[in-house]
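Go ahead and model the full structure; you've got the sequences and the hints to work with.
Line by line, the protein sequences give chains V and U.
In terms of our numbering, the first sequence opens at residue 1 and continues consecutively.
In terms of our numbering, the second sequence opens at residue 263 and continues consecutively.
Since the hints were made in silico from the structure, they are not lab data.
Using N, Cα and C, we set each Cβ at its ideal position, and we do this for glycine too.
It is possible that part of the hints are untrue.
Computed footprint of chain U on chain V; a stretch qualifies when at least three of its residues, placed anywhere within it, have a C-beta under 8 Å from a C-beta of chain U [unchecked claim]:
(1) 3-9
(2) 16-30
(3) 84-91
(4) 94-100
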Amino acid sequence: MNQVFRTAKALVTVYYAYMVEYRAELFLWALSGSLPFILMGVWMEAAQGRQFGLGPLDFARYFLAAFITRQFTIVWVIWDFEKEVLSGQLSNRLLQPIDPVWRHLAGHFAERFARLPFAAALVGFFFILYPQSFWIPNLPTAILFLFVVALAFILRFLIQYTLAMLAFWTERASALEEFWFLFYLFLSGLIAPLEVFPPEVRTFALWTPFPYLVHFPASLLSGLPVNVGQGILVMLGWCLLFFGLNRWLWRKGLKEYSGMGA
Amino acid sequence: MSVIIAEDLTKVYPVAVKEPGFKGTLRHFFKRTYRQVNAVQKISFQIEPGEVVGFLGPNGAGKTTTLKMLTGLIYPSSGKVEVVGHNPFKREPAFLKKITLLMGQKQQLIWDLPALDSLKINAEVYGISDADFQRRVGELTEMLSLEEKLTQPVRKLSLGERMKAEMLAALLHQPKVLFLDEPTLGLDVNAQVKVREFLRTYNAHYGATVLLTSHYMADITALCPRVILIYAGALIYDGSLEGLLDRFAPYREVKIELAQPCVQEKLAAYGEIEAVEGCMVRLLVQREHLTRTVAQILAELEVTDLTITAPPIEEVIGRVFRTGTVT
Numbered sequence: 001m002n003q004v005f006r007t008a009k010a011l012v013t014v015y016y017a018y019m020v021e022y023r024a025e026l027f028l029w030a031l032s033g034s035l036p037f038i039l040m041g042v043w044m045e046a047a048q049g050r051q052f053g054l055g056p057l058d059f060a061r062y063f064l065a066a067f068i069t070r071q072f073t074i075v076w077v078i079w080d081f082e083k084e085v086l087s088g089q090l091s092n093r094l095l096q097p098i099d100p101v102w103r104h105l106a107g108h109f110a111e112r113f114a115r116l117p118f119a120a121a122l123v124g125f126f127f128i129l130y131p132q133s134f135w136i137p138n139l140p141t142a143i144l145f146l147f148v149v150a151l152a153f154i155l156r157f158l159i160q161y162t163l164a165m166l167a168f169w170t171e172r173a174s175a176l177e178e179f180w181f182l183f184y185l186f187l188s189g190l191i192a193p194l195e196v197f198p199p200e201v202r203t204f205a206l207w208t209p210f211p212y213l214v215h216f217p218a219s220l221l222s223g224l225p226v227n228v229g230q231g232i233l234v235m236l237g238w239c240l241l242f243f244g245l246n247r248w249l250w251r252k253g254l255k256e257y258s259g260m261g262a
Numbered sequence: 263m264s265v266i267i268a269e270d271l272t273k274v275y276p277v278a279v280k281e282p283g284f285k286g287t288l289r290h291f292f293k294r295t296y297r298q299v300n301a302v303q304k305i306s307f308q309i310e311p312g313e314v315v316g317f318l319g320p321n322g323a324g325k326t327t328t329l330k331m332l333t334g335l336i337y338p339s340s341g342k343v344e345v346v347g348h349n350p351f352k353r354e355p356a357f358l359k360k361i362t363l364l365m366g367q368k369q370q371l372i373w374d375l376p377a378l379d380s381l382k383i384n385a386e387v388y389g390i391s392d393a394d395f396q397r398r399v400g401e402l403t404e405m406l407s408l409e410e411k412l413t414q415p416v417r418k419l420s421l422g423e424r425m426k427a428e429m430l431a432a433l434l435h436q437p438k439v440l441f442l443d444e445p446t447l448g449l450d451v452n453a454q455v456k457v458r459e460f461l462r463t464y465n466a467h468y469g470a471t472v473l474l475t476s477h478y479m480a481d482i483t484a485l486c487p488r489v490i491l492i493y494a495g496a497l498i499y500d501g502s503l504e505g506l507l508d509r510f511a512p513y514r515e516v517k518i519e520l521a522q523p524c525v526q527e528k529l530a531a532y533g534e535i536e537a538v539e540g541c542m543v544r545l546l547v548q549r550e551h552l553t554r555t556v557a558q559i560l561a562e563l564e565v566t567d568l569t570i571t572a573p574p575i576e577e578v579i580g581r582v583f584r585t586g587t588v589t
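Okay, here's the thing in C-alpha cells:
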C-alpha cells in the first residue's frame, strides 16, 4: 500500500511539473472551456421573454456550475493514447510493471491542480460581472458536488479511454470521440439544462451517461432539483459497464498491437 | 538453463494494399484489401545467461519484430517464446522487472522535464528504495559520463546525451536481460565508443544477458562473440562471429606492389583480380590456396611489397544479405 502511495505521489508530482511547464497554454485551455458562459448569455436573454421553468438567475448559476464541472472533467486521453499506439510510444509504457492508464490518470489529475488558479480567476471575474448571481453552496452540497464531479470525471475518462482502445484496430479512434461529442454536447446539459427539454427527451437522456457528465453535477451545485441517489447509481452502473468493456478491449487490443514506428 | 528460448517463432502481419491514383484511392476506401506479410518465420534459438549476442539483418528482416515478441510487446502468430522463465506476453511484473528494451528511435523520458523526474517515476514503478536510487543513479551517471545532465530538460540535451540518459533510464532497475535495438543510432564515433564500453562493463559487472541489433558492425565486433543472422524473417546463421567470417569469407585479399607492371592475363592465374593500377595489384585468393599462391607469386614475379588482409566484416555480411543464403 505504501508503495502504491509512493508511486502515485511520484506520478502526480512529476506530471504536475510537466503541466505547469506551459502556463500560457493552461490558461488558454481553461478559457477554451468558457462555452457555458456564452450559452448563459443566450439563455438568460431567452428567459426574459418565455417561461422555461428557470429564471435568468437560475440560468446564470447553472451555466457557471457547468463551467466549473467542465473544468474538473476535461479529458483528452483518447488523443494521447491514439498517438502512443500509432507512433509505437506505447511500447515504452508496456515495458514497465505498471498499467499505462495510471500515467494518463496522473496527468489528468495533476492538470486539475495546475488549471485550478486559472479557473478560479475566471469564476471570480464572472462574479464581478454578474454580482447578483453570487452564491455560496452549503457545506454538504459542496462535499456532495465534489464527490459527484469526481465520479463524473471517472465516468468521462472511462468512456473516452474505452473509445481510445479502438486505436488498436483503427488508426483514427479519435474520430469516434468527435462523433460521440455531438451527443455529449446535446444531451449532457452543456448547451441547455435538461429542464428545457421536452419531457420524453429528458426521460430518455437520464438513462444515458451524458447528463451525469455536466447536468447532474452542475444542477447539484447550482441548487436545481436533482435525484441524487438515482443519479449516483446510474453513474456507478455506467462506470462498471465501461470499466468491463475497457478491460476486455485492452486485453483483445494488445494482441493486435504491432508497436508501429520502430 | 537458457535465459531466452525461441521456438518456431512466427509473426504474420496483415498490411493494407492500395493501388496508386484516384481509382485506387476510391477502391481502397470502399473495399480494402490486405496481404499477409511474414515478418518472422519459424525462427528458433537459445541464449545462455551472460551471453552477448548480435542480432543482424538488413532493414525489414524482422529483427525488431523478434525483439518485440521476446519482450512481450507483440503477440506471436505462432511458436513458443520464453524469457527468464516467463511467457513475455503475460507481462507479469516479475518478468518486466528483469528485462529492458532500449530502442534507438524511441524515448521513454518526458521531453519537457529533466531526466531525473522520469527516473524518479521509474524508481517508484520498479520499487527501488531511495538509497538504492541515489547509488544506482550515481554509478550509472559516472559510467555514462552524464554528470550535471540529468537536471536539464531532456529537450535541451544533445542526441548523444539523450541516448545515454535513455540508457540510464532503461537500466535503473538493473535488468538481467537487455534487448538493445540500435543503441548507438545517430551517435558520433566517440559517443559510440563510450556506449560500447559502458555495455561491456555492465555485462561484466552484472552478468547480464544482451541481445543487440545494430547496423554498426563496430558495435558487433566490439561486443558480440556470437551473432544471429536473420534475412526476410528467416534465421540464416547462428554461431560465432569468427565462424561467420570463416564460412562467408573463404578468401583473402592479397595486395602486391610489383617492381614493374605485369599483364593482367598472367596475374589472373593467381586469383580473382580486384584492381590493377600500374604496379599496384589487388587479388582475391581462396584461403585454402593462399600459402601456395603467395609462394608462387614471390617465386615468379618481382615483388617489392606484399600484404594479406581479411575482407572487412561489413563486406562479408553485406554479401550474405545480398544473396540471402548461407550456402
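- prompt: When the hints from earlier in the document are held up against this structure, which numbers fail?
  reply: none
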